[in-house]
Amino acid sequence: MARPDIIRKRIADLRVPPNLADYAAARATFSWQAVRDELAGLPGGGLNIAFEAVERHARGPLRDKTAFRFLGAGASRDIGYGELSRLSNRFANVLRALGVGKDERLFLLCGRRPELYVAMLGGFKNGTAVSPLFSAFGPEPIATRIRLGEGSVLVTTDALYERKVAQIRGALPTLRHVLLVGEDGKTTNIPGTLDLAALMSQADDACDIAATAAGDLALLHFTSGTTGTPKGAMHVHDAVVTHFATGRYALDLHAEDIFWCTADPGWVTGTSYGIIAPLLHGVTSIVDEAEFDVERWYRILDEEKVSVWYTAPTAIRMLMKAGAEIAGKRSYPSLRFIASVGEPLNPEAVWWGREVLGLPIHDNWWQTETGGIMIANTPAFDIKPGSMGRPLPGIEAAIVRRDAAGNISLVDTPDSEGELALKAGWPSMLRGYLHDEERYRKCFAGLDNEWYLSGDLARRDADGYYWFVGRADDVIKSAGHLIGPFEVESALMEHPAVAEAGVIGKPDAVVGEVVKAFVSLRQGFAASETLRLELLGHARKKLGAAVAPKEIAFLPSLPRTRSGKIMRRLLKARELGLPEGDTSTLEAG
Amino acid sequence: MDENELRAAVIATLKAIAPEVAEGDLRADRPLRSQVDLDSMDWLNFLIGLHERLQVDIPEADYARLVTLGDVLDYLARKLA
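Here the protein sequences line up with chains A and P, keeping their order. Letter 462 of the first sequence, counting from 1, is numbered 462 in our numbering, and no numbers are missing. To get our numbering, take the position in the second sequence, counting from 1, and add 589.
Pulled out of the complex, with its shape left as it was, chain A reads as follows (with noise of 0.2 Å):
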């Protein structure tokens, strides 16, 4: 079926009036400043996101209002706006007693559970930098993490604390504190580690939120370059600006919705949107505490009435290979909105969505390092299905090109390629990488360094709508989530038989990227399916699912420039069957 390049819309077809109507006047009259003016502020002065996000409503008209409704393997559980008060209050009461400080960092390595969400909230209330890891993590990427943000109290459950934790324990010399969850919902009892209910229940329910100031450091989510350890993007109390504008642009938020952001809190998106942006707006949020499955997740944005539905490309593209049939025993009358992050949705996805749920699917774009969304497809506007979108009220966005001194200039003519980079200055912006100002200098350029660059190619056409191209470096994307090929080679690499390692992401028609590697091996041992299950399994138990290779293969030798960098690009080239370009720095033999 041939489908147009555009899906027109018009403001009258939408069932509920858009937030963003007017795209050249909100863009024109907005400012960072009258959006922080929406907001209360703490009421001794300086800025808190916790305060933001829930005390605001728990001292109002929303106080009863559920704000998460968590669903489990039995009954769902609702947690009011109030109650979410009183339970992070009594989290920050349990730092407070621990004698766990406002410079300090707190971990959270946990499924999507309702003591996530209270201890992040309570972090905030404590000043305490929060630093959430995804719990599919192996020891390694969290030991890493943990060591890089020097954490002093980490939450987690009893069975991740010894799968993957208490091994690497004595390498955490900064990590004061394990407070643990029972995931049966038993009291724990391992020995270096105390029961976080046993605390909650002595805690008290009020407590005065710390006077955080707008520059103070609130998250640190970590993310991955080409090389070198995992960098820790700083983002302070001031991004909740952000996240209440792009809730209201990019998301549509109104008071009535009922929103599902299906990502991990141990990814950003999990974070801002999952936790922070809907509480701002008062929002009922439903979490699934389970993992992917297609009719469950039918069933919920059914039974649920869900209205504004957040997910992402993986997600989408294996609810469309279960096939519309599954879709069709279900009907969404309550759905109004859908979003996507990630990574870049292909149009026929777009239309998957118009066709099979009825509403098309608007995909987004940001980062790590942007705290929120930047560019985006809304409600109220045409969607190029393949495009990201147009920069946000408040964003300015442009495609730059950078010359071998690092100067950059614009790119003005349409769909030229360059690198994507954002003027800097909006309040999610990272403030730095953690101890590593070098790298985060390098984020930025042109005069006065006013320029953010992405890392990501992309290119703009005549009508300011933009188009992913590919990634500036090494750095592999997988279910939308980014993946540092150095941090995969040297768990390999640590393996025995391994001399050397190279690491790629593999095209996926689901995920996007597969992590493939290919090794070789050290004098003595030779090639076999036995190794190379020995090698996955080593991978797997250092890194984690998420992290680790899905696929491994051996080579005689790995192909490095004569500055003995491993040339992952043609690793890649070859994978593919593509010309490999110039391979002039190629080592010869």
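DEER-style ranges, computed between Cβ atoms:
| hint | chain 1 | residue 1 | chain 2 | residue 2 | range |
| --- | --- | --- | --- | --- | --- |
| 1 | P | Pro620 | A | Arg354 | 32 to 38 Å |
| 2 | P | Arg667 | A | Ala73 | 19 to 25 Å |
| 3 | A | Ala509 | P | Gly659 | 28 to 34 Å |
| 4 | P | Glu594 | A | Pro4 | 50 to 56 Å |
| 5 | P | Arg616 | A | Asp22 | 56 to 62 Å |
| 6 | A | Leu98 | P | Ala666 | 46 to 52 Å |
| 7 | A | Leu39 | P | Gly659 | 47 to 53 Å |
Keep in mind the hints are simulated off the structure, nothing from the lab. For clarity, every value in this text was computed on a predicted model and none was experimentally measured. Don't be surprised by glycine CBs; every beta carbon is placed ideally from N, CA and C.
Given chain A, put chain P in place with the hints provided.
Chain P alone, transformed into the frame defined by chain A:
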């Protein structure tokens, strides 16, 4: 195929995706994905692997029922009966 053979086939399929699994550590009555790190892609590959190895159709609509190792074994035993 008897119970032991079926179990061996399921474990072998799982170990092709997650070779680090120690069979003795698996509890048949607990969610498999809380004991073994399997992301969505691994889980799908596991179910596809079972289909290929055992020639059993596992429709998408049944996935939600397959949570524990016990669930998987019971389901396959019924299908193969």
